[in-house]
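Quick note on the working numbering: the sequence shown kicks off at 526 and runs consecutively.
Errors might be hidden in some of the hints.
Between beta-carbon pairs, the in silico distance windows are [claimed, not checked]:
no.: 1; residue 1: E642; residue 2: R703; range: 18 to 26 Å
no.: 2; residue 1: L742; residue 2: Y560; range: 46 to 54 Å
no.: 3; residue 1: M731; residue 2: I531; range: 31 to 39 Å
no.: 4; residue 1: E642; residue 2: L720; range: 41 to 49 Å
no.: 5; residue 1: H724; residue 2: G643; range: 40 to 48 Å
no.: 6; residue 1: R741; residue 2: L711; range: 14 to 22 Å
no.: 7; residue 1: M526; residue 2: H724; range: 34 to 42 Å
no.: 8; residue 1: P558; residue 2: E642; range: 44 to 52 Å
When the alpha-carbon atoms are kept at most 35 Å apart in a straight line, the in silico DSBU-like pairs for lysine-lysine are as follows [as the list claims (entries may be wrong)]:
no.: 9; residue 1: K620; residue 2: K646
no.: 10; residue 1: K532; residue 2: K646
no.: 11; residue 1: K532; residue 2: K620
FYI, nobody ran anything at the bench for these hints, they're computed from the structure.
For each residue, glycine too, the CB sits at the ideal point set by N, CA and C.
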Amino acid sequence: MVRSAIKISLPIMFGFVPLGIAFGLLFQNLGYPWYFASLMGIIVYAGAAQFMAIGFLSAGLGVVEIAISTFFLNSRHMFYGLSFLESFGNWNFRKLYLIFGMTDETYALLTTIQVPEGFVKERYFLYITLFSQIYWVLGCTIGALLADFMTFNTDGMEFAATALFVVLLIEQWIMVRRLLPFIIGLISSIIALLLFINHMLLVAIMISIASIVFLRLIKGSSS
526 MVRSAIKISL PIMFGFVPLG IAFGLLFQNL GYPWYFASLM GIIVYAGAAQ
576 FMAIGFLSAG LGVVEIAIST FFLNSRHMFY GLSFLESFGN WNFRKLYLIF
626 GMTDETYALL TTIQVPEGFV KERYFLYITL FSQIYWVLGC TIGALLADFM
676 TFNTDGMEFA ATALFVVLLI EQWIMVRRLL PFIIGLISSI IALLLFINHM
726 LLVAIMISIA SIVFLRLIKG SSS
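Generate coordinates for the entire structure from the input sequences, incorporating the hints supplied.
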């Protein structure tokens, strides 16, 4: 099961490690000890929020401002978790960690994969989530350590996350083979980008969910 979880999570590794290195390199410019980057990967574990925190810390913002901004930025995860409340099993430490470790990438992967026959789904999800965080912490640590020995141009490294999402999108299409959800996501993203650019991702998710629920209600009432 462990070997299978590592294999299936390799696309996340190829996205998280270089992006984590970029974070570690940038974070070290703030002058903190190298292990602070690792601790952020362990305790905070939020890629976009961690990059955002670099700008906030360099601007001298307080903990409260950073916490509020991080909450709103990651509030989209509440929508992710609703679809996994039953899949994660009973309320125990494992379920709490699965909720904590839910990222955009792990959500996309867990909604795409087929759990191999004979594997316990909750444990398989736990391994995938755990290895995904290990990849991220590893990248943050490598970047922080490299920053003390070399100067590295990080321009363009943020594209690793975009490339990862493209791969996961293709996997979703191979599994679902239904065009409507992708059209809804595209239209919702365009609307959110044009009208709510500062909260584009959260608004796009809300519009997508509302549209899918509305279409299901129409389909249910007509049947």
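Range hint compliance [Cβ, P558 to E642, 44 to 52 Å]:
holds (47 Å)
Given hint K620 paired with K532 - CA-CA distance at most 35 Å
With Cα atoms ~22 Å apart, K532 and K620 stay inside 35 Å; holds.
Starting from the range 40 to 48 Å, see whether the pair H724 and G643 falls in it by beta-carbon distance.
The hinted range 40 to 48 Å holds for H724 and G643, with Cβ atoms some 43 Å apart.
Per the hint of 14 to 22 Å, is the separation of the Cβ atoms of R741 and L711 within bounds?
Once the Cβ atoms are compared, 19 Å apart, the range 14 to 22 Å for L711 and R741 holds.
For the hint 34 to 42 Å, verify it against the beta carbon of M526 and that of H724.
Holds, since M526 and H724 (Cβ atoms, about 39 Å apart) stay within the stated range.
Would the pair K532 and K646 pass a check requiring their Cα atoms to be no farther apart than 35 Å?
The given pair, whose Cα atoms are some 16 Å apart, holds under the 35 Å limit.
Within a Cα-Cα threshold of 35 Å, do K620 and K646 meet the stated pairing?
holds (12 Å)
Using the C-beta atoms of E642 and R703, is the stated range 18 to 26 Å upheld?
Holds - the Cβ-Cβ distance for E642 and R703, about 25 Å, lies within 18 to 26 Å.
CB of M731 to CB of I531, is that within 31 to 39 Å?
holds (34 Å)
Starting from the hint 41 to 49 Å, judge whether the C-beta atoms of E642 and L720 obey it.
holds (46 Å)
Quick check: does the Cβ-Cβ distance between L742 and Y560 fall within 46 to 54 Å?
holds (51 Å)
Checked against the numbered hints listed earlier, the structure breaks none of them; every hint is satisfied.
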